[in-house]
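*Asks:* Going line by line, the protein sequences match chains A and B. Quick note on our numbering: the first sequence kicks off at 1 and runs consecutively. Quick note on our numbering: the second sequence kicks off at 1 and runs consecutively.
Fair warning: there could be bad hints in the mix.
Stated by the list, open to error - DSS-like cross-link-like pairs, simulated, lysine-lysine; straight-line CA separation at most 30 Å:
1. Lys5(B) with Lys68(B)
2. Lys57(A) with Lys42(B)
3. Lys58(B) with Lys5(B)
4. Lys58(B) with Lys107(B)
5. Lys68(B) with Lys57(B)
6. Lys68(B) with Lys58(B)
7. Lys57(A) with Lys71(B)
8. Lys107(B) with Lys13(A)
9. Lys42(B) with Lys13(A)
10. Lys107(B) with Lys71(B)
11. Lys57(A) with Lys5(B)
12. Lys57(A) with Lys68(B)
13. Lys58(B) with Lys71(B)
14. Lys5(B) with Lys42(B)
15. Lys68(B) with Lys107(B)
16. Lys15(B) with Lys107(B)
17. Lys42(B) with Lys58(B)
18. Lys58(B) with Lys15(B)
19. Lys5(B) with Lys107(B)
20. Lys107(B) with Lys57(A)
The hints are simulated quantities; they were obtained by calculation from the structure and are not laboratory data.
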Amino acid sequence: KAGVTQTPRYLIKTRGQQVTLSCSPISGHRSVSWYQQTPGQGLQFLFEYFSETQRNKGNFPGRFSGRQFSNSRSEMNVSTLELGDSALYLCASSLHHRGVRQETQYFGPGTRLLVL
Amino acid sequence: QQQVKQSPQSLIVQKGGISIINCAYENTAFDYFPWYQQFPGKGPALLIAIRPDVSEKKEGRFTISFNKSAKQFSLHIMDSQPGDSATYFCAASNVGSGSNYKLTFGKGTLLTVNP
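Sequences are here, hints too, so could you generate the full structure?
*Replies:* Quick look at the structure:
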């Protein structure tokens, strides 16, 4: 079974631009979570989507948004990019069994975003 | 507020030695404690995980020790190998939190195993 895939793998943007990152979960996984990883702050939770609905959101400004499609694929968008948004953005998927979320999250390789 | 504190930040071990990484948590609602291994350019990969109903879990050379009263858990890597050189993250979550579910991570430990 293929793992979590993320595109693009690398991205360079300038301040003020916006960016859209994509994540395809493991087949059959319906929950997708996004995390930001930086050297200073480590891994921080951005948000989680399940059945096309945002279920939980971390402590990030409204410039960070996301959505999930009916095939469970997810996108996250960052508008008005700032230098501090440079980070590795990780997507993780998890399985629901009989309506109950399984605790294991499987991570993709991430998208490395550099804001100049 | 850092809910999961991880130490040390970096660790150098000789091949064949034991690597020990420690984590402490504050939220008593946490009931799932995974460890992730991350190589450069890769996403974190689940290594081993424990629930608080057991005090120890072993998978191959990797062991989690869990102390519920102290709110601490640790990863022990026995017979450490150069291929174990990576960044290790502890994490914690409340599985029963429903729509508020998320993993809270420690800051990571960079492990270097010298040959």
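*Asks:* Hinted pair, alpha-carbon criterion (30 Å max): Lys57(A), Lys5(B). Please report holds or violated.
*Replies:* Holds, at about 22 Å.
*Asks:* If you draw a straight line from the CA of Lys58(B) to the CA of Lys15(B), is it 30 Å or shorter?
*Replies:* holds (20 Å)
*Asks:* Taken at face value, is the distance from the CA of Lys13(A) to the CA of Lys107(B) at most 30 Å?
*Replies:* This hinted pair holds, its Cα atoms lying about 27 Å apart.
*Asks:* Is Lys58(B) close enough to Lys71(B), meaning Cα to Cα at most 30 Å?
*Replies:* At roughly 19 Å apart (the allowed maximum being 30 Å), Lys71(B) and Lys58(B) satisfy the hint.
*Asks:* If you draw a straight line from the CA of Lys57(A) to the CA of Lys68(B), is it 30 Å or shorter?
*Replies:* holds (28 Å)
*Asks:* Straight-line Cα separation of Lys5(B) and Lys68(B) no greater than 30 Å?
*Replies:* Between Lys5(B) and Lys68(B) the Cα gap is close to 15 Å, so the pair holds against 30 Å.
*Asks:* Under the criterion that the straight-line Cα-Cα distance not exceed 30 Å, is the pair Lys42(B), Lys58(B) satisfied?
*Replies:* This hinted pair holds, its Cα atoms lying about 25 Å apart.
*Asks:* Decide if the proposed pair is consistent with the structure: Lys15(B) and Lys107(B), CA atoms, cutoff 30 Å inclusive.
*Replies:* holds (24 Å)
*Asks:* Verify the proposed pairing of Lys68(B) with Lys57(B), using a straight-line Cα cut of 30 Å.
*Replies:* holds (14 Å)
*Asks:* Given the hinted pair Lys107(B) and Lys71(B), is their Cα-Cα distance within 30 Å?
*Replies:* holds (17 Å)
*Asks:* For Lys5(B) and Lys107(B), compute the direct alpha-carbon distance and say whether it is at most 30 Å.
*Replies:* The hint holds at about 7 Å.
*Asks:* Within a Cα-Cα threshold of 30 Å, do Lys58(B) and Lys107(B) meet the stated pairing?
*Replies:* holds (23 Å)
This entry satisfies every hint, going by the numbered hints stated previously.
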